[in-house]
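For the protein sequence lines, the chains are A and B, in the order given.
For the first sequence, the tail end lands on 268 under UniProt numbering, and the numbers increase by one without skipping.
For the second sequence, the tail end lands on 315 under UniProt numbering, and the numbers increase by one without skipping.
If you're looking for bench data, these hints aren't it; they were derived computationally from the structure.
Quick reminder that beta carbons are idealized off the backbone N, C-alpha and C, glycines included.
Among the clues, some could well be false.
Here are some chain B residues pointing at chain A (derived, C-beta under 7 Å) [said to hold, decoys possible]:
id : residue
1  : P94
2  : L95
3  : A98
4  : V192
5  : R199
6  : G203
7  : A206
8  : A209
9  : T210
10 : E213
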Amino acid sequence: MTAPAHTPVQAKSITATDLDLYYGSFLAVKGVNITIEPNKVTALIGSSGCGKSTFLRSLNRMHELVPGAYADGEVLLDDVDIYAADADPVQVRRQIGMVFQAPNPFPTMSIYDNVAAGLKLNSRKIKKSDLDAIVERALRGANLWDEVKDRLGKPGMGLSGGQQQRLCIARATAVEPDVLLMDEPASALDPISTLAIEDLITELKKEYTIVIVTHNMQQASRASDNTAFFNIEGTGKPGRLVEVDTTEKIFSNPTHKETEDYVSGRFG
Amino acid sequence: MSSTNVDDLQSVVRGGPARGGAGDRVFRGLATGAGVVILATLAGVALFLIVRAWPAITASAEDLPGGENLLAYIWPLTFGTIIAATIAIVIAVPLSVAVALFISHIAPRRIAQPMSYLIDLLAAIPSVIYGLWGIAVLGPASVGLLRWLEDNLGWLPFFEGPASATGRTMLVVAAVLAVMILPIITAVTRSVFEQTPRRLQEGALALGATRWEMIRLTVLPFGKSAIISASMLGLGRALGETMAVAIVLSVSGAITFDLIGSGNPSTIAANIALDFPESSGLAVNALIASGLVLFAVTLVVNMAARTVINRQMRI
């Protein structure tokens with residue numbers, strides 16, 4: 001089993017149209033129109049509270065888990081509306097995976113069981129040999145296989161923070177989603193582990209469409225193809241998407257002055 | 001990690017300077033006194049039980065009630081106590097866990113809050129009321145079910161029959177006990193279920209887990225030791241429950257696994273309550289000896305619960 005971990009796969013695009021995101025009566029993000037290209041890494045940047053994480057979480061319907069939170073507008077995965085009346089959030093999340101800010105492996109499970117967790121859901125029956133192959137492929141894909149292949153039965157919590165985060169990426173990719181959302185996936189990690197995650201992201205885009213929220217400008221410029229800048233006019237005002245373009249253009253010659261101020265470190 | 005910090009803080013407080021005003025000294029005296037009184041009470045109870053049980057332990061068989069040796073007297077009672085409490089646990093734990101999950105993860109907030117108050121209220125009902133309810137309502141209402149069990153599951157030793165016509169059976173007693181211990185098990189497990197880290201629950205949901213699968217992947221493993229320790233606490237209460245059993249259970253003293261008949265072993269606590277007023281001499285010592293056994297059993301159960309709780313704290 002030494003097949004290349006990342007053979008190119010056509011992933012899916014995401015298109016949001018006039019998307020408003022609410023927490024109860026509070027409008028948190030207003031009027032987002034964006035097309036997220038397939039097999040590209042799109043970075044969401046902006047100051048804290050500007051709604052980029054809220055927007056990210058709306059893309060796999062995690063946003064609505066907060067009591068009272070809801071979305072108004074349209075989000076298409078290729079051409080299927082994930083907010084259609086007959087869309088099942090569980091199926092949406094199966095197609096659009098997510099990696100969180102802090103690594104969150106299931107503490108009572110072994111490394112193997114963590115990766116296999118998503119595959120055993122929804123009473124799917126998978127043969128042990130197939131499961132073994134998928135777990136190995138996911139761990140190889142997350143550049144973790146060589147480090148853990150001799151201790152797959154050990155608890156996932158025994159790994160280092162960076163390894164745990166790659167374990168979570170393996171867990172998310174094992175179910176073969178079309179899109180991978182990452183909410184500041186390296187913010188809790190040291191610089192070496194951060195680089196490992198960034199290298200991994202570049203490889204993963206061969207198979208997945210990736211959307212990543214980051215506070216780290218270098219990370220956005222290193223790891224992403226496109227960048228979307230979110231901003232907020234003031235406290236209590238909704239966040240909005242200022243502009244989205246190629247990362248190169250956003251960081252060298254953005255259309256809006258506020259984007260330039262932000263990426264060059266001048267605020268307000 | 002947080003528990004180490006708490007320990008550090010406490011050791012700083014303990015080893016801190018003893019000087020201070022009169023208020024400090026009074027507080028210190030009162031707190032120390034309260035601690036000593038509780039320990040002395042526990043030791044006093046244990047001593048009382050041993051001293052007063054001793055004549056019965058050393059007495060010859062023919063002097064004891066029933067003319068048998070002490071073990072033959074206490075064993076059926078212990079058996080009845082353990083059977084009643086065990087079945088109560090078997091009924092109460094799944095029910096309590098389900099109720100706790102409903103409150104913590106399924107019910108909308110405006111239903112969950114009043115509901116947990118209502119469950120707590122169950123704990124405030126005096127046990128004599130439960131006993132009256134058991135004999136007047138639940139017992140008669142269960143007769144049909146007991147007959148059905150005898151007819152359809154009679155091949156199991158538990159439902160051998162003949163089914164009681166009054167419903168004053170071990171099964172009904174266990175059901176009443178189950179309702180009585182439900183609040184404590186629900187309260188303990190619910191509070192732990194609610195502490196399940198949000199990032200774990202979100203991790204499961206983001207994998208495409210349904211709500212039940214999320215609970216199975218994260219909430220139940222997280223709350224496992226709470227379920228165990230809460231069950232032990234409930235078991236401890238069920239073992240010692242007196243009034244409800246004394247009122248409901250129809251007793252013959254037989255050792256039987258039949259849960260639906262009218263000839264049941266009594267329990268230690270109910271037996272003491274019913275027989276004590278009419279006993280004298282060695283019979284009293286024999287009753288106290290049975291109390292000593294109950295004391296030991298509840299102590300062991302509670303210590304086991306503590307061990308499990310402490311082990312969880314360290315994780």
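Tell me the hint numbers this structure goes against, listed in increasing order. Numbers 1, 2, 3 and 4, in rising order.
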